[in-house]
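K.L.:
Put together the whole structure using the sequences plus the hints.
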Amino acid sequence: MLDWFIANKEILKLIYAFIIVFICFIIVIRTHRLFKLSLHQGIRYFRNAFLFYGLGFFVRYILGTPYLGKWLRIDALISGGIFAFFLMMAGFFLLYSLIWRKIESENKTHLSSLINGKILIFYLMAIVLIVLGGLWETHYFIFLSQIFVFSFAVIISFNNYIQNGTKGKFLKYYFVAMLLSLIAWALNFLVALYFNWDQAILSGIYIINLIIFFLFLFGVVRVARVK
Amino acid sequence: MGKKRERLEVIKDILNVVRQNRKVKPTRLLYASNLSPQMFKDYVEELIRKKFVQVELIDGKNKLFSLTKKGQDFLMEYKAIENFVENFGL
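Residue numbers (the working numbering), protein chains in the order written: chain A, 84 to 310; chain B, 1137 to 1226.
Please keep in mind that the hints were generated in silico from the structure rather than gathered at the bench.
Mixed in with the good hints there might be a few duds.
Pairwise CB distance ranges, derived in the manner of DEER restraints [what the hints assert, rightly or not]:
1. 222(A) / 1143(B): 39 to 49 Å
2. 1158(B) / 98(A): 51 to 61 Å
3. 1187(B) / 153(A): 47 to 57 Å
4. 1181(B) / 195(A): 17 to 27 Å
Beta carbons are placed, not taken as given, at the ideal position from N, Cα and C, and that holds for glycine.
P.N.:
Structure representation (structure tokens):
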């Protein structure tokens, strides 16, 4: 089975990316509509997270696929850097969507949620981590930043589940998605540090990522539907 | 003492009053919204800015509020928005 995965890994990566980009597209469209109606900042930041995830996977796995040929495809180093940047931004936005109420006023709406003072800090942090990773030729800065982000997200989502689990049925799955995200980032870190990018573990991470995105898709489509 | 209403809930309540009355005077809306005058002013300004309600001037001075298409859409989707915010801990 693993041999088959490895033999077909490029096409499988492409399918994997198309699924994730499609899921992100659906989530962004749906949440954008909810945001436009409600102007709710939490929905806005949640939407931005999936916008960045979608862009990241699109650049890394679709624009960076060897099937495009060497003249069309983006260089692996550049697509990898852009991918890491978008993934970090997405993680920051996802965490921020859970804590924004403690930082911003509910009634204040920024003209742009992608370019404003607070979000510039995220951009700055992501760029610094990418540059540090480039200088040291390591992925550890990215992995550790996301382990840190999702550790917080796990705690917050668990707290939300305990406090409001009876009101919001999806809070349990949200917590599971955050926990799986943390596990995926921890596995990424371990596979780079100790297991020399072992293909079996990487395949497992891809599967975990798919489960996470499908969980969010389920939540967005099911929970946010108009009855 | 009752639980403090969430912002979205207050908006829904105000819009519901406007919808039920089709056209409503500010004083009646203030009374029905159960808000302090300052909070009411802030919310109404926000609703006008977001184009959820529109203002008509009668005899050049008296205001009447009515619901816009966007306000009607909001009320239709309010439950979905509320569910979404609750279920995703936003």
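K.L.:
For every hint, state whether the structure bears it out.
P.N.:
Checked hints:
| no. | hint | result |
| --- | --- | --- |
| 1 | 222(A) / 1143(B): 39 to 49 Å | holds, 41 Å |
| 2 | 1158(B) / 98(A): 51 to 61 Å | holds, 53 Å |
| 3 | 1187(B) / 153(A): 47 to 57 Å | holds, 51 Å |
| 4 | 1181(B) / 195(A): 17 to 27 Å | holds, 21 Å |
Against the hints set out earlier in the document, no violation occurs for any number.
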